[in-house]
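**Q** Now for the letters of each chain:
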Amino acid sequence: EVQLLESGGHLVQPGESLRVSCVGSGFTFGSFALMWFRHSPVKGLEWVSVISAGGDYTYYADSVKGRFTISRDNSNNTLHLQMNSLRVEDTAIYYCAKDRTSDWSPSGLDSWGQGTLVTVSS
Amino acid sequence: AIQMTQSPSSLSASIGDTVTITCRTSHGIRNDLGWYQQKPGKAPKLLIYGASTLQSGVPSRFSGSGSDTYFTLTISSLQPEDFATYYCLHDFSYPLTFGGGTRVDIK
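One line per chain: the protein sequences are B and R, in this order.
Under this note's numbering, think of the first position of the first sequence as 1, with each following residue one higher.
Under this note's numbering, think of the first position of the second sequence as 123, with each following residue one higher.
Hints are computed from structural coordinates only; laboratory data are not their basis.
Fair warning: there could be bad hints in the mix.
Between beta-carbon pairs, the in silico distance windows are [to be verified]:
#1 B:105 / R:148: 15 to 21 Å
#2 B:30 / R:229: 46 to 52 Å
#3 R:181 / B:105: 26 to 32 Å
#4 B:114 / R:140: 39 to 45 Å
#5 R:175 / B:57: 46 to 52 Å
#6 B:122 / R:140: 34 to 40 Å
#7 B:63 / R:192: 36 to 42 Å
Which bits of chain B does chain R cover? Going by a derived footprint, with three or more residues having C-beta under 8 Å, they are [as the list claims (entries may be wrong)]:
#8 66-79
#9 98-108
Negatives, chain R to chain B, calculated, CB over 12 Å [claimed, not checked]:
#10 129
#11 135
#12 138
#13 139
#14 140
#15 166
#16 188
#17 189
#18 192
#19 194
#20 211
All C-beta atoms, glycine included, are put in the ideal place defined by N, C-alpha and C.
When you get a sec, could you build the whole thing from the sequences and use the hints?
**A** Below is the structure:
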């Protein structure tokens with residue numbers, strides 16, 4: 001059974017940094033591109049970032065580009081999202097997800113973690 | 123970025139009803155679109171991929187259709203567990219973008 005488990009969500013102040021992580025199991029972690037999404041009551045669901053299976057390609061939403069960095073450690077089946085210069089509008093539940101195929105081109109996110117809450121507030 | 127226009131934003135329906143949700147895109151995306159169900163406090167769940175292919179384990183009362191810029195999700199014979207929020211998501215190119223969501227409530 002595929003499992004994704006996020007951790008690291010916390011209450012931080014605007015301008016601070018935070019790293020959230022996601023541990024995967026039940027699949028060949030290093031063969032799949034992985035993504036971060038977030039959900040807030042104000043903005044709904046939002047795609048945040050993607051990293052290729054080997055970690056050599058990444059893309060970001062414009063709203064986080066230059067502030068967030070996605071990375072992965074395939075030896076430890078772990079995905080990270082380093083978030084710097086956090087803003088109030090980054091407040092959301094952050095989910096990691098994998099596609100149903102091991103292709104670089106996405107075709108349906110069939111596995112999601114349970115989410116980790118990031119709150120940015122003074 | 124490809125813009126997604128999903129409608130309606132909410133609807134009320136009764137058990138057994140058939141409901142249809144639409145999603146329009148600002149650019150043609152072939153059939154690179156999925157539909158997701160989200161319940162409060164839970165992660166999204168993939169229902170349909172490739173615009174019309176039912177994800178394994180999803181009941182057959184869910185169906186998707188469309189291509190290019192116009193897509194629909196139909197739920198036939200609505201069941202109590204179907205009351206949730208539904209989102210379309212294109213996976214044609216990065217950045218991926220969601221529709222604004224459709225909340226399906228009990229009438």
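**Q** Determine for every hint whether it applies to the structure shown.
**A** Results of checking the hints against the structure:
| no. | hint | verdict |
| --- | --- | --- |
| 1 | B:105 / R:148: 15 to 21 Å | 20 Å, holds |
| 2 | B:30 / R:229: 46 to 52 Å | 48 Å, holds |
| 3 | R:181 / B:105: 26 to 32 Å | 27 Å, holds |
| 4 | B:114 / R:140: 39 to 45 Å | 32 Å, violated |
| 5 | R:175 / B:57: 46 to 52 Å | 26 Å, violated |
| 6 | B:122 / R:140: 34 to 40 Å | 48 Å, violated |
| 7 | B:63 / R:192: 36 to 42 Å | 27 Å, violated |
| 8 | 66-79 | violated (count 0) |
| 9 | 98-108 | holds (count 5) |
| 10 | 129 | 14 Å, holds |
| 11 | 135 | 21 Å, holds |
| 12 | 138 | 28 Å, holds |
| 13 | 139 | 24 Å, holds |
| 14 | 140 | 24 Å, holds |
| 15 | 166 | 6 Å, violated |
| 16 | 188 | 15 Å, holds |
| 17 | 189 | 15 Å, holds |
| 18 | 192 | 19 Å, holds |
| 19 | 194 | 17 Å, holds |
| 20 | 211 | 8 Å, violated |
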